[in-house]
Amino acid sequence: MNILVILGHPSKGSFNHAIANTVIETLASNGHEVLFHDLYEEKFDPILSGQEIPKGASLEGIITEHCNEISKAEGIVIVHPNWWGQPPAILKGWIDRVIRAGVAYEFKEGDSGEGIPTGLLKAETALVFNTSNTLRERELQMFGDPLEILWKNCVFDFCGVKNFHRKMFGVIVTSKLEERLGWLKEVKETVDMYFPHKF
1 MNILVILGHP SKGSFNHAIA NTVIETLASN GHEVLFHDLY EEKFDPILSG QEIPKGASLE
61 GIITEHCNEI SKAEGIVIVH PNWWGQPPAI LKGWIDRVIR AGVAYEFKEG DSGEGIPTGL
121 LKAETALVFN TSNTLREREL QMFGDPLEIL WKNCVFDFCG VKNFHRKMFG VIVTSKLEER
181 LGWLKEVKET VDMYFPHKF
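Number 15 in the UniProt record's numbering belongs to position 15 of the sequence shown; there are no gaps in the numbering.
To be clear, the hints were calculated from the coordinates, so they are not data collected in a lab. Be aware that one or more of the hints could be misleading.
No farther apart than 30 Å at their CA atoms in a straight line, the calculated lysine-lysine pairs in the DSS-like style are these [unchecked claim]:
(1) Lys-152 to Lys-72
(2) Lys-188 to Lys-55
(3) Lys-55 to Lys-198
(4) Lys-198 to Lys-185
(5) Lys-92 to Lys-122
(6) Lys-92 to Lys-12
(7) Lys-176 to Lys-162
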């Protein structure tokens, strides 16, 4: 399978990078083709211009490349920290510029945009791995887990990807090595479950 992996974290030594590396190694070991983008390393420009918004707009080469990759992807994995209940701005900009009309979704002919969209992504499964410094119980009680709503409902279900799994790891700031190794083992097991070895 052709799996797209997107990482949004600025620090090379972060646990997010360790997660992404585990994802990539597991996918490759299972015989899948991996397309990987470290958005910070690549200095992805998150700013969506007004001229770029309309369906069929002329796009920069790098955005066309990202659009082509997500259109062809048979699976998608996103890795990022929980910042203010949201992805980092660079990743939100990636959503704005790449998850676009005519690429990830479309409305029926004659629909002015207020109707129910048709998802265009061919990926059957999307995984999202997050890190947080907030206890899960407090996250749910105080904030209602906005990242689950964003990725599951607003992005992937909207774009036709119905098989979705998300896992939040934390508290990162106080975690010990043994705990992090256990989390990476869980990442590997999750990837193995959703993208098993190709025979």
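Outcome of the hint check:
Of the supplied pair hints, the one linking Lys-152 and Lys-72 holds, its CA atoms being roughly 20 Å apart against a limit of 30 Å. The straight-line distance between the Cα atoms of Lys-188 and Lys-55 is roughly 38 Å, outside the 30 Å bound, and the hint therefore fails. Distance check on the hinted pair: Lys-55 and Lys-198 sit about 36 Å apart at the alpha-carbon level, beyond 30 Å; violated. At most 30 Å may separate the alpha-carbon atoms for a hinted pair to count; Lys-198 and Lys-185 meet this at roughly 20 Å.
For a cut-off of 30 Å, the pair hint linking Lys-92 to Lys-122 stands: about 21 Å separates their Cα positions. At roughly 20 Å between alpha-carbon atoms, Lys-92 and Lys-12 fall within 30 Å of each other, so this suggested pair holds. Taking the CA atoms of Lys-176 and Lys-162, the gap is near 35 Å; set against the 30 Å cutoff, the hint is violated.
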